[in-house]
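The primary structure of each chain is shown beneath.
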Amino acid sequence: MGSRTPGASIGIADPILAVRDLVTVFPSSRGIVVAANHVSFDLHPGETMGLVGESGSGKSVTCRSLLGLVPEPGEVIAGSVYFEGQNLLELSPRSLRSVRGREISMIFQDPMASLNPVYTVGDQIGETLRIHRKMSRKQARDEAVRLLDHVGIPSSRRRLDSYPHELSGGMRQRVMIAIAISCRPKILLADEATTALDVTIQDQILALLLELQRENGMAILFVSHDLGVIAQSCDRVTVMYAGYVVEQATTTALFARPRHPYTVALLKALPELAAERADGRLVPIRGQPPDLATLSPGCPFAPRCEFADAEDPSRREVSMMLEEAERGHLTACPFHAKVGL
Amino acid sequence: MSANGSQPLLQVQDLVKRFKARRPLTERMWLRPSESRYAVAVDGVSFSVAKGETLGLVGESGSGKTTVARTILRLLDPDEGSIMFDGVDIAGLSRSELQDVRRRMQMVFQDPYSSLNPRMKVGSAIAEPALVHGVVDRSGAARHVEEMLELVGLPASAAERYPRQLSGGQRQRIAIARALSARPSVLIADEPVSALDVSVQAQILNLLARLLQELDLTMVFIAHQLSVVRHISDRVAIMYLGRIVETGPTNRVFDAPQHPYTKALLEAAPHPDPSRRHTRAAVRGDIPSPFDIPSGCRFRTRCSYAIERCAVEDPAFRTFEQKHVAACHVLPFRKG
Numbered sequence: 005m006g007s008r009t010p011g012a013s014i015g016i017a018d019p020i021l022a023v024r025d026l027v028t029v030f031p032s033s034r035g036i037v038v039a040a041n042h043v044s045f046d047l048h049p050g051e052t053m054g055l056v057g058e059s060g061s062g063k064s065v066t067c068r069s070l071l072g073l074v075p076e077p078g079e080v081i082a083g084s085v086y087f088e089g090q091n092l093l094e095l096s097p098r099s100l101r102s103v104r105g106r107e108i109s110m111i112f113q114d115p116m117a118s119l120n121p122v123y124t125v126g127d128q129i130g131e132t133l134r135i136h137r138k139m140s141r142k143q144a145r146d147e148a149v150r151l152l153d154h155v156g157i158p159s160s161r162r163r164l165d166s167y168p169h170e171l172s173g174g175m176r177q178r179v180m181i182a183i184a185i186s187c188r189p190k191i192l193l194a195d196e197a198t199t200a201l202d203v204t205i206q207d208q209i210l211a212l213l214l215e216l217q218r219e220n221g222m223a224i225l226f227v228s229h230d231l232g233v234i235a236q237s238c239d240r241v242t243v244m245y246a247g248y249v250v251e252q253a254t255t256t257a258l259f260a261r262p263r264h265p266y267t268v269a270l271l272k273a274l275p276e277l278a279a280e281r282a283d284g285r286l287v288p289i290r291g292q293p294p295d296l297a298t299l300s301p302g303c304p305f306a307p308r309c310e311f312a313d314a315e316d317p318s319r320r321e322v323s324m325m326l327e328e329a330e331r332g333h334l335t336a337c338p339f340h341a342k343v344g345l
Numbered sequence: 382m383s384a385n386g387s388q389p390l391l392q393v394q395d396l397v398k399r400f401k402a403r404r405p406l407t408e409r410m411w412l413r414p415s416e417s418r419y420a421v422a423v424d425g426v427s428f429s430v431a432k433g434e435t436l437g438l439v440g441e442s443g444s445g446k447t448t449v450a451r452t453i454l455r456l457l458d459p460d461e462g463s464i465m466f467d468g469v470d471i472a473g474l475s476r477s478e479l480q481d482v483r484r485r486m487q488m489v490f491q492d493p494y495s496s497l498n499p500r501m502k503v504g505s506a507i508a509e510p511a512l513v514h515g516v517v518d519r520s521g522a523a524r525h526v527e528e529m530l531e532l533v534g535l536p537a538s539a540a541e542r543y544p545r546q547l548s549g550g551q552r553q554r555i556a557i558a559r560a561l562s563a564r565p566s567v568l569i570a571d572e573p574v575s576a577l578d579v580s581v582q583a584q585i586l587n588l589l590a591r592l593l594q595e596l597d598l599t600m601v602f603i604a605h606q607l608s609v610v611r612h613i614s615d616r617v618a619i620m621y622l623g624r625i626v627e628t629g630p631t632n633r634v635f636d637a638p639q640h641p642y643t644k645a646l647l648e649a650a651p652h653p654d655p656s657r658r659h660t661r662a663a664v665r666g667d668i669p670s671p672f673d674i675p676s677g678c679r680f681r682t683r684c685s686y687a688i689e690r691c692a693v694e695d696p697a698f699r700t701f702e703q704k705h706v707a708a709c710h711v712l713p714f715r716k717g
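Taken in order, these protein sequences are the chains called A and B.
Residues are numbered in the working numbering as their position in the first sequence, beginning at 1, plus a constant of 4.
Residues are numbered in the working numbering as their position in the second sequence, beginning at 1, plus a constant of 381.
Calculated from the structure, these hints are not laboratory results.
Keep in mind that a hint or two might mislead.
[Unchecked claim] Selected chain B positions facing chain A (in silico; Cβ < 10 Å):
# : residue
1 : Ala649
2 : Arg658
3 : Gly666
4 : Asp667
[To be verified] Pairwise CB distance ranges (calculated):
# : chain 1 : residue 1 : chain 2 : residue 2 : range
5 : B       : Ser505    : A       : Glu321    : 36 to 46 Å
6 : A       : Asn120    : B       : Gly468    : 52 to 62 Å
7 : B       : Tyr419    : A       : Glu94     : 51 to 61 Å
8 : B       : Arg403    : A       : Arg34     : 37 to 47 Å
9 : B       : Ala402    : A       : Gly344    : 51 to 61 Å
Glycine included, every Cβ here is placed at the ideal spot set by N, Cα and C.
Required output: the full structure, derived from the provided sequences and hints.
Below, the structure written as structure tokens:
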């Protein structure tokens, strides 16, 4: 497999994070699963990049690979992740720890699992501040109040002494965000950060994240399965399928003119778009998601692809290299000229 | 009232369900041990579903939508109110009297991973309800299973497999086949596609739509995803903190919401269209505790339209065109 380095990126500034040919594998009883397959993308300062895909697409694994947080027995076996001139994949665990939480922080889907149930909210925010920002107990407490205010937690001083279980899901996610931004990170990785929340609370958290971003210019990598959330919050989008990046474009271009058959199919399957069609019918993607342990070479979407169907089977043997369909709009489908909504 | 003027198949009237709080041990030992606190999960809910109709029940966590579903099926006993099913009030029926009702009303759950017994082959799981309710006998079971599998678009060979050998979408098809096995007339589906990926979700929604038509089923479809509810429902009821706040024909409610909560839900729902972005959150704050329901209108603590009257007077339902009903003192009277 050749390099899948994207062509010209559309940002003017240099990327703050450059991911190149990242390969993460999981050994399984039925063979090796390539969860992230030569994944490449850039993240620019102040930008929100969406990483979207369904279960098993490799979006979360990619996100976790960036900070060395791939769960056992998974392993990053190739690629590079450049952040401020250093390859994070080559850092010692100790150096990586000082980047993690300070320069690059992360929020997850389930704040209950990320917060320690036996410590108060104040203790947990304070811990980060004392370790990374070398604050005293008193300073950390005052700063924690300021942070809780900042993320919209009412009666913040009283909340310092609350335990996670005493808070609602939305409030817990606000606490996680307070911890994540406490060291003024340059990059925030958000892995399905609003998935477990109710619609109105998700809406509040998205608004909060984008407001924080406007204030401090951090870049956000927003991992989600929800195309609606991606459309509402991201500047650019990377679409993944079966471990591969299949398409990468600005959010506007991706939703208006998708150039990979998988993205096209995914958008057509949404009930929102069905409502806008004359017959009002949903167009499901046929077949089942692929089994990653038994993937054959070529395009993993070919068996379900409406565009591949009429073609001769040899055309399934595509390289999955990204090529430019338009300026700044990359697709892994060599037949992209025929692909569209 | 039903669309065709006949009796509704299912009619729920003033349904109330309370849950007693488990108080912390210290309180139980030292503080007023006799006084109990109740969470009012469902607080006077009324609606009806006509034969062949799909009612979408929409709400966020804590709205009481799942409690309503469980109470209709008598998996929970209602504290007050009536549940008329085909002319009989089932709220007071005994266990044995419920047998036939249970056959005719079946449920599909959100998570096909936990709603199917992992040790039971798919065939047995599908045959079981039909055998229990005497719809088929042992000799006809295999044929029945085959028929059910075909109905949900699975090959007959699936009968010999275990749930873990199937994908999420296939499992939800099995769960639907199992629900249909005893030939019910009503399906109560509680978030049946919420755990599924978009591509599979569309398959299951199309399947449900086809089955509703082919089998002339009546459905209560519970979900939090507005786009999904809009797609499948003839009418919708929007729930907030134990009450229905707005109900009516789906397109009416979605195109011209008359309750601020419905309006906020529609604004907050992430639309897959980047040109329709909003930067400010549609609604502030969290849903209040069911132990401590606000006075007057229960949405007023989060409502951007709230006036003084809202804190004092619980708004009554007001009817608009086409049996579109909402309970709000303010929004319906605003112009423009």
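Going through the hints against the structure:
1. Ala649: Ala649(B) check passes; min Cβ-Cβ to chain A is 4 Å, inside 10 Å.
2. Arg658: holds (6 Å)
3. Gly666: holds (8 Å)
4. Asp667: Check passed: Cβ of Asp667(B) comes within 5 Å of chain A, closer than 10 Å.
5. Ser505(B) x Glu321(A): 36 to 46 Å: holds (43 Å)
6. Asn120(A) x Gly468(B): 52 to 62 Å: Holds, since Asn120(A) and Gly468(B) (Cβ atoms, about 56 Å apart) stay within the stated range.
7. Tyr419(B) x Glu94(A): 51 to 61 Å: holds (60 Å)
8. Arg403(B) x Arg34(A): 37 to 47 Å: holds (46 Å)
9. Ala402(B) x Gly344(A): 51 to 61 Å: Given range 51 to 61 Å: holds, Cβ gap about 56 Å.
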